[in-house]
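Protein chains: 2
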Amino acid sequence: MGTTQLESVPEPKYWHLRTVLSEALDSEFAVGQVLPNERDLAARFGVARATLRQALEQLELEGRLQRRRGVGTTVAPPRVGVAVGSAELGWPGAPGDAWQAEESDRATAPAAVAELLGIAKDEPVHIVRRTRVTGGQPVAADLVHIPASSVPDLTAIDAPAGPARARAVLRELRRTEFEGQDRSVELGSARADDARALDRLPGAPVLVVTTRYFGAGGTAAVSLATYRADTCRLTFGADGVEIHHTPERQAS
Amino acid sequence: MGTTQLESVPEPKYWHLRTVLSEALDSEFAVGQVLPNERDLAARFGVARATLRQALEQLELEGRLQRRRGVGTTVAPPRVGVAVGSAELGWPGAPGDAWQAEESDRATAPAAVAELLGIAKDEPVHIVRRTRVTGGQPVAADLVHIPASSVPDLTAIDAPAGPARARAVLRELRRTEFEGQDRSVELGSARADDARALDRLPGAPVLVVTTRYFGAGGTAAVSLATYRADTCRLTFGADGVEIHHTPERQAS
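For the protein sequence lines, the chains are A and B, in the order given.
Under UniProt numbering, think of the first position of the first sequence as 1, with each following residue one higher.
Under UniProt numbering, think of the first position of the second sequence as 1, with each following residue one higher.
Treat the hints loosely; a few may be bogus.
[What the hints assert, rightly or not] As a list, the in silico SDA-like pairs of lysine to any residue whose alpha-carbon atoms are at most 25 Å apart:
#: 1; chain 1: A; residue 1: Lys121; chain 2: B; residue 2: Ala50
#: 2; chain 1: A; residue 1: Lys121; chain 2: B; residue 2: Ala197
#: 3; chain 1: A; residue 1: Lys121; chain 2: A; residue 2: Ala111
#: 4; chain 1: A; residue 1: Lys121; chain 2: A; residue 2: Pro138
#: 5; chain 1: A; residue 1: Lys121; chain 2: B; residue 2: Arg64
#: 6; chain 1: B; residue 1: Lys13; chain 2: B; residue 2: Ala107
#: 7; chain 1: B; residue 1: Lys121; chain 2: A; residue 2: Val75
#: 8; chain 1: A; residue 1: Lys13; chain 2: B; residue 2: Ala42
#: 9; chain 1: B; residue 1: Lys13; chain 2: A; residue 2: Ala204
If you are wondering where the hints come from, they were derived from the structure by calculation, not from laboratory data.
As the structure is a computational prediction, the values presented were derived from the model and not from experiment.
Excised from the complex, chain A in its bound form:
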């Protein structure tokens, strides 16, 4: 493997290096393969270690590389498409739901969630923690925030703790007529508890999906779901078309 000198270009050096590295990944490396160490890579491309690290960080952000302690830097497999959208239309916990209910507590919602729910900042809500597993790997952690007014008969139920309690809260929520939902997606960093559930370090980049569930003339529940940004691509079907159904469409 020879030395590849970077030409002088007006864009930042690490950015040009990222492009060169990206092409090398396509042509010279297979998924799962371990990259040479930083010293060798920096020497090959004739750049400083700091420049190399910036370029590697870019490629990690784009999901091209994975960096793991004790393993080093490997070529990442393509991101997994995770359906978020019409596949999940309905109350959380409805049949066919991709989520596993783990536990439920009563606690104060974050200020932003309380505002979305239209409740007072200090009003406790039921918080149902859920996880989503795809291909044996945890891809998302979710907190569903449900005001007491959305599950008025819950206290009458002799609900135990843990998953059974979590399922009982969601079952009560589903007694309300479902009136629709909307979602937003934004960049975030994993909170400590989410990071544990997702097998990441706190602060790892995540995609935060906020879903508002409407029922009984208002916002009946708000879910904050945290998806791994390194391994996931969120797919949204629109107009009844799901991303997984389309190979047939291309057959013509």
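Position chain B against the provided structure of chain A, taking the given hints into account.
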């Protein structure tokens, strides 16, 4: 402003600092306010500069802080909700579209896009560059990839260069019957040309929205839109409910 010593906690130091800083932003700072310099902040919280920087990076990722050269670190305004979804249902460039067509070229599509379009890797496509502006600020840059077979009569048109050419290509595309679309969202880093359009440095974190447009029994076009991840929150209406319509729903 006194010295706030961090308690010893099992989670990483920078993560705990991020939480403490986040609370300080809520209680002590206003949007747009410039934070004290890194040396003063590190001294106040009794941490090393490296730890402080990691915590500031987290808060930047979450959209709480903005760091700009020559200004320093400021408290960010809330992210802007940008509608992606049913609001844009239809061909790119349809009436009411939020995008501005800028120019059009013929070039080879990236390998991943060629695969989505079901065309050969070296088959040239029309690439229409568009930008999206919200509140006077560029929030997204888009490349719509259109195979020649989707716009068969385009050569018959005496289309000039620049925006007029871009609009002509999209107008031709709209002559095909629209059969639906789907989308995916993932984390990426801004390419040099997108970074310029979005007033960011190359490599800045972006949300990449890939939209497939279906028509004539196949994938007629693929758009790769790059949204600023620091200032944008992507909103998706589902079930006919748009995020902007809901204050009325909460009135009951």
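Status of the hints after comparison with the structure:
no.: 1; hint: A:Lys121 - B:Ala50; verdict: violated, 35 Å
no.: 2; hint: A:Lys121 - B:Ala197; verdict: violated, 40 Å
no.: 3; hint: A:Lys121 - A:Ala111; verdict: holds, 6 Å
no.: 4; hint: A:Lys121 - A:Pro138; verdict: violated, 31 Å
no.: 5; hint: A:Lys121 - B:Arg64; verdict: holds, 20 Å
no.: 6; hint: B:Lys13 - B:Ala107; verdict: violated, 49 Å
no.: 7; hint: B:Lys121 - A:Val75; verdict: holds, 22 Å
no.: 8; hint: A:Lys13 - B:Ala42; verdict: violated, 30 Å
no.: 9; hint: B:Lys13 - A:Ala204; verdict: holds, 14 Å
Taken one by one, the earlier hints fail for this structure at numbers 1, 2, 4, 6 and 8, listed in ascending order.
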